[in-house]
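As you go down the protein sequences, you meet chains A and B in turn.
Numbered by the numbering used here, the letters in the first sequence go through residues 1 to 247 in order.
Numbered by the numbering used here, the letters in the second sequence go through residues 1 to 319 in order.
Source of the hints: derived by calculation from the structure; they are not laboratory data.
Please note: incorrect hints may appear among the correct ones.
[Stated by the list, open to error] Restricting the straight-line Cα-Cα distance to at most 30 angstroms, the calculated cross-link-like pairs of lysine-lysine (DSSO-like) are:
#  : chain 1 : residue 1 : chain 2 : residue 2
1  : B       : Lys168    : A       : Lys118
2  : A       : Lys152    : A       : Lys142
3  : A       : Lys34     : A       : Lys67
4  : B       : Lys86     : A       : Lys86
5  : A       : Lys118    : A       : Lys86
6  : A       : Lys116    : B       : Lys86
7  : A       : Lys86     : A       : Lys115
8  : B       : Lys168    : A       : Lys75
9  : B       : Lys111    : B       : Lys234
10 : B       : Lys168    : B       : Lys234
11 : A       : Lys75     : A       : Lys34
12 : B       : Lys89     : A       : Lys86
13 : B       : Lys168    : A       : Lys67
14 : A       : Lys75     : A       : Lys142
15 : A       : Lys26     : A       : Lys152
16 : A       : Lys43     : A       : Lys67
17 : A       : Lys118    : B       : Lys93
18 : A       : Lys116    : A       : Lys34
19 : B       : Lys93     : A       : Lys115
20 : A       : Lys26     : A       : Lys142
21 : A       : Lys115    : B       : Lys168
22 : A       : Lys86     : B       : Lys168
23 : B       : Lys168    : A       : Lys116
24 : B       : Lys168    : A       : Lys142
25 : A       : Lys118    : B       : Lys89
Just so we're clear, the structure is a prediction, and the values are computed from it rather than from any experiment.
One-letter residues, chain by chain:
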Amino acid sequence: MEENTLQDVVSASSISKSFGEQEVLKGISFSLRKNENLVVLGKSGSGKSVLIKCLVRLMTPDSGIIKVFGEEITKLRLEDLNTLRKRIGFLFQSAALYDSMSVRQNLEFPLRRVKKIKDRNIINEKVEEVLTNVNLIEAIDKMPSQLSGGMKKRIGLARTLIMDPEIILYDEPTTGLDPLTSIEICELINDVQEKYKSASIIITHDLNVVRITSTRLMIIREGKVYAEGNYQELINSRDEWVHSFLN
Amino acid sequence: MNIRSHVEEINSLLKIPVGNLTYLLMQGTVLIIFMYTMEVHSQSSRSAIGLLKKSKATVSKKIAAGKEKSGSFLQSLGNGGFFTFKLIKEVLKFRIPWAEFSRQCFLVGNKSLYLVMATGFIMGMVLTIQSRPIMVEFGAESWLPGMVGISLIREMGPVITALIFAGKVGSGIGAELGSMKVTEQIDAMEVSAADPFNFLVVSRVLACTLMVPLLVVFADVIGIAGSYLGANIKGDVNLILFVSRALEPVHFSDLFPALAKSFLFGAAIGTISCYKGYYAEAGTESVGRAANSAVVVSSLMIFIIDALAVQLTDLILSR
Chain A
1 MEENTLQDVV SASSISKSFG EQEVLKGISF SLRKNENLVV LGKSGSGKSV
51 LIKCLVRLMT PDSGIIKVFG EEITKLRLED LNTLRKRIGF LFQSAALYDS
101 MSVRQNLEFP LRRVKKIKDR NIINEKVEEV LTNVNLIEAI DKMPSQLSGG
151 MKKRIGLART LIMDPEIILY DEPTTGLDPL TSIEICELIN DVQEKYKSAS
201 IIITHDLNVV RITSTRLMII REGKVYAEGN YQELINSRDE WVHSFLN
Chain B
1 MNIRSHVEEI NSLLKIPVGN LTYLLMQGTV LIIFMYTMEV HSQSSRSAIG
51 LLKKSKATVS KKIAAGKEKS GSFLQSLGNG GFFTFKLIKE VLKFRIPWAE
101 FSRQCFLVGN KSLYLVMATG FIMGMVLTIQ SRPIMVEFGA ESWLPGMVGI
151 SLIREMGPVI TALIFAGKVG SGIGAELGSM KVTEQIDAME VSAADPFNFL
201 VVSRVLACTL MVPLLVVFAD VIGIAGSYLG ANIKGDVNLI LFVSRALEPV
251 HFSDLFPALA KSFLFGAAIG TISCYKGYYA EAGTESVGRA ANSAVVVSSL
301 MIFIIDALAV QLTDLILSR
């Protein structure tokens, strides 16, 4: 049992990625275990978002190996990649709700198109379940333009959860939100992790997120892993840069 | 060397007679594009084959990631070619998102219907009013409905409708997909394994391909109605006589090529607009650029297809 919970669901070794002359990731290696929340911290432009986009092959790394559920993601055929992607949820920084669809249609979309569910009752049940989980059942018939930033993030998370993902990747989940809403989102991330038993990678530079959600922390500096450990270890770090970053 | 001599040289090689001034201008447009392509080619240190090979190697990655780096004219031509190839492959496999396709048919058809009808009506009326004096001068007033009918069905109906459609729907598709790209909605579909290419591109291109010929038929009918009104401003013509005179000289060989090229116009507008939007770069500015270039390139392509279709029709019918 202990061995099972510590199993790596994602392992990345020596990931490098450049955009023209600019080298964003310089040989990053890390792993994500089952049921853990790995928070990735770093300054803006340090390559955090690029890193998680490489994990789902929205971007392809220039070199290095990325294994998700033991499969090397850069070498998969598109059909196999899509099978793997169904097990991964991705919450975008902007929530990326389909703005021509209502909240209900946003949530129905992956069920109909990816899971190929046709039964109206099953779809309704699933939509209402995830909306209840994110405490936004009253927004079911609203359009994305009628939602606040925090509500959009919640609906984005609901759309991710509807696919029952085993890994959830959060790209700056609290950016642009007020401190109270930000804390609510952090608590929601913890609730989701507990309920869905998922592993998560959370990209952020919000210290509330670090404090509330992290099982483990990884700090990226200039394209490399600069420090790793849990919150207590890193907050008491003697390294001046880490200390100033977390305080 | 002037354009006319180029065109005449090419025509003499192809043994196709030089048509009227309109066709000559269209041929000139094709030639200018051809010369521009050759110019770009000669300036480039890499060969066209090298560029296409490079394009082929990167395009599958770009399609998967929804990215396109700005490159040379030939490189984007290659990327567009592979985009079209992927589209044709999806259609041949019959992987059509029917619900979205029917929704798009309604949206693009309904969106342009009234504009196309208004344009068709004015087109028919103006054509009649302007042609009438000269026809009267030559004592050929009775040929007026037939001339308008032939002009509308063979050329003006399809081309003007396609141009209106490109302006109205092409820009809409370019802006919509461009904004979806910029706000990561396409990435969100990609990452949830929802195949955005199939859902967004196939449905829209097929809807455009089907709707343009239908709109052309509407424009032709309304155009003849406009022409009837134009004829009655300075005369008194019976409706049934006018319509029968307008349709009398129209044969299958006029109708079929016009509808066939309308399908091509629709396919070209849909493909170009989707391509421009789907590969919009980051930033809101690129949304406007995608919408703008969708209209410009689609309009240019309409004239190129028209020029080629006219030549092909002449070639087939002259045998």
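We went through each hint and held it up to the structure:
A threshold of 30 angstroms between alpha carbons decides the hint, and for Lys168/B with Lys118/A the separation of about 34 angstroms lies outside it, so the pair is violated. Between Lys152/A and Lys142/A the CA atoms are separated by roughly 11 angstroms; this keeps the pair inside 30 angstroms, and the hint holds. Distance check on the hinted pair: Lys34/A and Lys67/A sit about 14 angstroms apart at the alpha-carbon level, within 30 angstroms; holds. A distance of roughly 23 angstroms separates the Cα atoms of Lys86/B and Lys86/A; the hinted pair therefore holds under the 30 angstroms criterion.
Distance hint between Lys118/A and Lys86/A is fulfilled; the C-alpha atoms sit about 18 angstroms from each other, no more than 30 angstroms. Distance restraint check for Lys116/A and Lys86/B: the Cα-Cα separation of roughly 23 angstroms lies within the 30 angstroms cut-off, and the hinted pair is therefore satisfied. Of the pairs offered as hints, the one joining Lys86/A and Lys115/A holds, with about 9 angstroms between alpha carbons and a cut-off of 30 angstroms not exceeded. For the proposed pair Lys168/B and Lys75/A, the alpha carbon gap of about 42 angstroms is over 30 angstroms, so the pair is violated.
Distance hint between Lys111/B and Lys234/B is unfulfilled; the C-alpha atoms sit about 34 angstroms from each other, more than 30 angstroms. The suggested pairing of Lys168/B with Lys234/B is violated, with an alpha-carbon distance near 34 angstroms, which exceeds 30 angstroms. For the given pair, Lys75/A sits about 23 angstroms from Lys34/A by alpha-carbon distance, which is consistent with the 30 angstroms threshold. Taken as a hint, the Lys89/B and Lys86/A pair is honoured in the structure, with Cα atoms around 24 angstroms apart against an allowance of 30 angstroms.
Using a Cα cut-off of 30 angstroms, the hinted pair Lys168/B and Lys67/A is violated, with the two alpha carbons roughly 46 angstroms apart. Taking the CA atoms of Lys75/A and Lys142/A, the gap is near 40 angstroms; set against the 30 angstroms cutoff, the hint is violated. Simply put, Lys26/A and Lys152/A have alpha-carbon atoms about 33 angstroms apart, too far for the 30 angstroms limit, and the pair is violated. Taking the CA atoms of Lys43/A and Lys67/A, the gap is near 26 angstroms; set against the 30 angstroms cutoff, the hint holds.
With a C-alpha separation of about 22 angstroms, the suggested pairing of Lys118/A with Lys93/B holds against the 30 angstroms cut-off. About 28 angstroms separates the Cα atoms of Lys116/A and Lys34/A, which keeps this hinted pair within 30 angstroms; it holds. Annotation: proposed proximity of Lys93/B to Lys115/A holds, straight-line Cα distance about 20 angstroms (limit 30 angstroms). Distance restraint check for Lys26/A and Lys142/A: the Cα-Cα separation of roughly 43 angstroms exceeds the 30 angstroms cut-off, and the hinted pair is therefore not satisfied.
A hinted pair counts as satisfied when its Cα atoms are at most 30 angstroms apart, and Lys115/A with Lys168/B does not qualify at roughly 35 angstroms. Restraint check: the Cα-Cα separation between Lys86/A and Lys168/B comes to about 37 angstroms, which exceeds 30 angstroms; the hinted pair is violated. For the given pair, Lys168/B sits about 34 angstroms from Lys116/A by alpha-carbon distance, which is inconsistent with the 30 angstroms threshold. Of the pairs offered as hints, the one joining Lys168/B and Lys142/A holds, with about 28 angstroms between alpha carbons and a cut-off of 30 angstroms not exceeded.
Proposed proximity of Lys118/A and Lys89/B is supported: the alpha carbons are some 26 angstroms apart, at most 30 angstroms.
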